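Listed below are the residues making up each chain.
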Amino acid sequence: MTVSATLLTCAAVLWFVGGNLIITRSLTRVLMGIIVCGNGVNLFLLAASGPAGAPPLLYPGTSKSAMSDPLPQAIVLTAVVITLGTTAFVLAMAYRSTQLTGSDFVPDDLADHQVALRAQLTAERARLREEREREERPKERRDLRRELRRRIRDARAYQAREADASDDLWDDVLGADPPEEPQ
Amino acid sequence: MNYLVPLPVLLPLAVCGWSVVLGPRVTRLHRVLSVAMLAAVVAIDLILLIEADRHGPLAVHLGDYAPPLGVSLVADRLAGLMLTVSGVVTLIVLLYAFGQDTAEGGGSAPFSFFHPAYQILVAGVSLCFLAGDLVNLYVGFEIMLMASFVLLTVGGTQARLRAGSTYVIVSLVSSIVFLAGIAATYAAAGTVNFAQLAVRLPDVPLGVRTFSEVLLLTVFGVKAAAFPVSAWLPDSYPTAPAPVTAVFAGLLTKVGVYCVIRAETLLFPGNRLSAVLMAIACASMVIGILGAVAQTDLKRLLSFCLVSHIGFMLFGVALGTRAGIGGAIVYTAHHITVQTTLFLAAGMLERRYGTTELTRLGGTARSAPWLAALWFVPAMNLAGIPPLSGFIGKLGVMRAGAADGGDWAYLLLAAAAVTSLLTLYAMAKVWNLAFWRAAPVHGPEDGEEGGGGVATAVAVRAPAKIPGLMTAATAALVGLGLTYTVLATPLTGLADRSAAELLDRAPYIEAVLKP
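These protein sequence lines map, in sequence, to chains H and G.
Quick note: UniProt numbering has the first sequence finishing at residue 183, numbered continuously throughout.
Quick note: UniProt numbering has the second sequence finishing at residue 515, numbered continuously throughout.
Bear in mind the hints are in silico, worked out from the structure with no lab data behind them.
None of the values given here were measured: they were computed from a predicted structure.
There's no promise every hint is true.
To be verified - Chain H stretches covered by chain G per the calculated footprint, using a threshold of three residues with CB under 8 Å from any CB of chain G:
#1 91 to 97
#2 121 to 127
Stated by the list, open to error - A partial selection of chain H residues facing chain G, derived with a Cβ cut-off under 7 Å:
#3 Leu58
#4 Ala79
#5 Asp109
Think of the CB as a built atom: it goes at the ideal place given N, C-alpha and C, for glycine as much as any other residue.
Required output: the full structure, derived from the provided sequences and hints.
Pasting the structure below:
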């Protein structure tokens, strides 16, 4: 099957133009983009029906090779009708949006914003905490805390041994070994 | 029995036409008609399922054109099962919507759009399941999408417009990609009929075939909300009315999954993109559930859970074995039910307390124990606690993964286990915050919400009464979820036979192409 390069080039250009319009914020422009892209894809469909020029009819005196394929044209017609309906709907949406907010811009999702802001908030809080700890000379503080924890541990160990004291002098003496010097 | 095949599409459309004739107010006649028709659709779906299970796929050629030329609708086991489950779910959600409707002032002006649009949505979903060619599938998608646009933006408030914009734009772009996929496939194989494509595609050069496959899978992936193209879902679902969110979450994404299964078995067998699908499944599972854990709004949390659990189904499909696809089918049926139930329960919470924000809820287990029970059972079901159907689905998929034994399969097994655990964590978080703890007292100190007045008003507001119909509908869906446990053997057997039929391909092709 031979395919016309013109149709394909046109389709590609339309897709490019339409794609650029679709990624804008204004609903009307997006609609334009969708219409343009839709036309591009219609051309692409048409390219599937073979060389242009022959009628899509089989009437007395024509050979099957001299007619073009009617099916892609039928599909294109279906697509055009459907695009008409969706165009009407999107236009109504754009109009309603203008009624409500004065513009047809599509804003970001609020809940998405909230999640993003929450992440920002957490990051900010972590940064502030780190900063504060650095200001308080964290090394000294950490050492102090470690020292304190060691003392508490020792005190608890002594208490435990006192509780274990069993009136047996020998055991108690053995148990009451002087605590090892902390390294 | 073939003449029954188009009815699941035609009956809802007829009701929609009647509701225009009957006028904008929702009357009793209107309701009876809607419910009766959907009940009839469920009955037909069930007959189709049984017939397809007994005698192989049913195909009907509309207008009696010879097979590859006209429009064909096909109901095989997979389509029948999906139709039946979705039919029951849509019927129950409709009852729920009637309950909510009466509670909120009975068919007031903007909300009366709901019923016609809902019927069209049901017709579109049925058409997607029954479509026997790519163009018809495209039309089914579009019918479904147009209805869902209306349902998502019903009322036209600013929040819904914003959410709707995202959804509409993503859907339209994916429709364009779908058309491109159809064009590429048609140019390569000269047909759009599934059965004929299945015969012809193996002769198409590998590169061209892969191009079509990637385009189509991208579209179905967008519909199914698989990871790299899933960001639209949690953005757009939570703002819609509860029944709408519920039915979207239950059905629309599963239509995407169904199409992925159909494409991977019938059109592009051989499983060459298995590794890609596995990577997508893995990313969907893990990233989705991590998103869910971070949320504080119940509906958003559930939306992220939805994205994550799509990964399980894709895992089964990616394995490509009979056990894998069977597991994915069971999981899909289970997930349609349970996800809808959870959203309905969330809707009841919203109806009662006016919010689904977890930081504001609390004490529900004490003040409304039945509501807590209606939440708890499907939540445990979603997490996959053993006797419930979530466990059966997960077990099927994960056993198939272990049987496959590749590196990817084991990676995915680990991801699936982590995802299940995190789902349980997310559900426990909701349970603790919204149900278990004492109701939070909102003083003026939490003014960072933008004026403590709002928060206080929410906390002080007396819980609203929930209409009995809403409770009954939710309870019915919870019951349906429990039925899967009772009927586990027939269900897994049916899924296994469906998978065998899908992998065999011959029954489908014969049913369509043999006159």
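Consistency of the hints with the structure:
A stretch counts as covered by a chain when three or more of its residues have a beta carbon under 8 Å from one of that chain; for the stretch 91 to 97 of chain H and chain G the count is 3, and the coverage holds. Three residues within the 8 Å Cβ limit are the bar, and the stretch 121 to 127 of chain H against chain G gives 0, so the coverage statement is violated. Hint status for H/Leu58: violated, given a least beta-carbon distance of 13 Å to chain G, over 7 Å. Because the beta carbon of H/Ala79 sits about 6 Å from the nearest beta carbon in chain G, less than 7 Å, this interface hint is met.
Satisfaction of the interface hint for H/Asp109 is found here, the shortest Cβ-Cβ separation to chain G being roughly 5 Å, below the 7 Å cut-off.
When held up to the earlier numbered hints, the structure conflicts with 2 and 3 and fits the remainder.
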